[in-house]
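Residue-level listing of the chains:
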Amino acid sequence: MTSRESGSPPDVEVIGAAFLGRVRSDVAWVEIDGEVVVYDAASASSYLLNPTAGLIWSSLDGTGTLGEIAADLAEAFGADPEQVIVDVIAAVVDFAGKGLIEEITETQAGEDSR
Amino acid sequence: MTAQVDLSERFVVADSSIGDPLARLNWSAHSVIAVGDRYVGVRSNSADADRLLRRVFAGHVVDSVTAPSCFYSLIVGPTAPSRPGVEPLNVVFRVGVTVARTRSVRRAFRALSAYASSHADVGPAPGLARFAGVALVGDRPGVLLPLEALHLVGHPGFERSVERLGLRVADGVYVDVDPGTADVVVSPPELSVEASVLDDFASVDPPGTFPGVEPGRYRLGAWAVRQPASGRDVPSRAALVGCGIRALINPDLHDPQATLDQVAAVASACEPLAFCYSPRNLVGRLASLPES
Numbered sequence: 156m157t158s159r160e161s162g163s164p165p166d167v168e169v170i171g172a173a174f175l176g177r178v179r180s181d182v183a184w185v186e187i188d189g190e191v192v193v194y195d196a197a198s199a200s201s202y203l204l205n206p207t208a209g210l211i212w213s214s215l216d217g218t219g220t221l222g223e224i225a226a227d228l229a230e231a232f233g234a235d236p237e238q239v240i241v242d243v244i245a246a247v248v249d250f251a252g253k254g255l256i257e258e259i260t261e262t263q264a265g266e267d268s269r
Numbered sequence: 041m042t043a044q045v046d047l048s049e050r051f052v053v054a055d056s057s058i059g060d061p062l063a064r065l066n067w068s069a070h071s072v073i074a075v076g077d078r079y080v081g082v083r084s085n086s087a088d089a090d091r092l093l094r095r096v097f098a099g100h101v102v103d104s105v106t107a108p109s110c111f112y113s114l115i116v117g118p119t120a121p122s123r124p125g126v127e128p129l130n131v132v133f134r135v136g137v138t139v140a141r142t143r144s145v146r147r148a149f150r151a152l153s154a155y156a157s158s159h160a161d162v163g164p165a166p167g168l169a170r171f172a173g174v175a176l177v178g179d180r181p182g183v184l185l186p187l188e189a190l191h192l193v194g195h196p197g198f199e200r201s202v203e204r205l206g207l208r209v210a211d212g213v214y215v216d217v218d219p220g221t222a223d224v225v226v227s228p229p230e231l232s233v234e235a236s237v238l239d240d241f242a243s244v245d246p247p248g249t250f251p252g253v254e255p256g257r258y259r260l261g262a263w264a265v266r267q268p269a270s271g272r273d274v275p276s277r278a279a280l281v282g283c284g285i286r287a288l289i290n291p292d293l294h295d296p297q298a299t300l301d302q303v304a305a306v307a308s309a310c311e312p313l314a315f316c317y318s319p320r321n322l323v324g325r326l327a328s329l330p331e332s
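Protein chains in written order, with this note's numbering: chain A, 156 to 269; chain B, 41 to 332.
The set of hints was computed from the structure by calculation and includes no laboratory data.
It cannot be assumed that every hint is accurate.
[Unchecked claim] Just a few of them, taken from the derived set where beta-carbon distance is under 7 Å, the chain A residues facing chain B:
(1) 187
(2) 190
(3) 194
(4) 201
(5) 241
(6) 242
(7) 244
(8) 245
(9) 248
[Unchecked claim] Taking CB as the label site, the calculated pair distances span:
(10) 320/B with 181/A: 19 to 27 Å
(11) 266/B with 252/A: 24 to 32 Å
(12) 234/A with 259/B: 22 to 30 Å
(13) 241/A with 109/B: 51 to 59 Å
(14) 241/A with 165/B: 36 to 44 Å
(15) 172/A with 330/B: 45 to 53 Å
[To be verified] Not close to chain B: a few residues of chain A, all C-beta gaps over 12 Å, as computed:
(16) 197
(17) 209
(18) 238
Glycine is no exception: its CB is placed at the ideal position from the N, C-alpha and C atoms.
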């Protein structure tokens with residue numbers, strides 16, 4: 156049996172198309188007029204995301220890998236998938252560098268219980 | 041770090057660490073006033089001014105404490121021969137910043153009361169968001185300004201200019217806003233004045249003098265921030281939210297989403313406005329706002 160477990164902050168070196176992550180649950184964000192404002196109360200930091208970064212941000216719900224997110228965005232906007240995945244990874248590396256997201260790792264429940 | 045107004049040290053409100061920019065002026069007397077659990081030093085340009093201050097804040101004067109420095113400075117009454125029939129200029133300084141410049145003694149003391157009240161360790165009423173900033177309010181929709189605009193409100197003619205636009209400076213270094221209605225909520229000052237003492241000066245106030253914004257609710261219509269370096273004329277509402285979250289005083293860290301939503305609600309109700317750092321530019325931008 157496989158369960159999903161939220162892990163520690165991701166290592167930005169390994170963020171790629173297979174990365175599965177989500178916005179930290181204690182990070183607040185709001186979309187207003189197409190732009191996203193992110194508020195990390197823990198570090199008392201706020202960030203203003205442009206519409207593209209905001210779209211990527213709002214897709215980081217832990218249900219799809221970056222490759223899947225990029226494919227969806229490429230299809231929705233008729234963009235080059237190879238370029239989109241580069242942009243998505245760059246944005247997520249930026250988010251991770253600011254400590255705003257967490258990686259979801261797949262672990263064997265049996266291993267956890269040993 | 042989220043902007044917080046670090047107004048004072050514990051118990052004694054100290055002067056600026058950058059020295060005393062007003063040292064060259066002649067200060068004849070000083071008094072210490074208790075505001076909440078803080079002691080605030082106020083120096084005056086004359087013994088008469090100090091006596092008047094002690095009458096106006098009679099219930100708050102503390103003689104058992106000596107202020108190491110004065111956070112506020114007050115010029116009341118003539119400092120030089122003035123024209124016949126023209127009341128002398130009264131000035132209130134907060135550290136080195138002119139926060140009120142008026143020919144009305146009542147206005148000067150009410151301004152001092154409002155600014156000094158900000159030292160009381162009293163939070164906003166439940167449900168209100170407190171921003172470090174300055175509000176211009178009136179019968180028309182008001183404007184929320186960043187705290188740095190405090191340096192503009194004391195410029196000669198600034199108050200008169202905004203009054204011509206139907207706006208008045210709500211004295212203080214923070215602004216309480218009801219996110220549900222985008223109303224600026226002006227509360228009675230913690231440092232109360234002896235109204236009967238100030239009433240004696242009503243008859244000599246210049247015509248049309250406004251002594252200060254009365255406690256109440258005032259609709260907010262615009263939120264102004266410094267023009268960004270990018271040169272964008274009008275900030276986005278998201279940019280307002282970013283500025284607002286940094287200007288929040290004591291945000292609720294237990295529920296950051298609710299905190300952010302409050303700020304976003306205020307931004308959504310406001311017209312974004314950018315201004316360059318000059319009183320003239322700010323007044324010009326304010327004049328461009330709709331009056332209703």
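Hint by hint, which ones does the structure fall short of?
Per hint list: 5, 6, 7, 8, 9, 10, 12, 14, 16, 17 violated.
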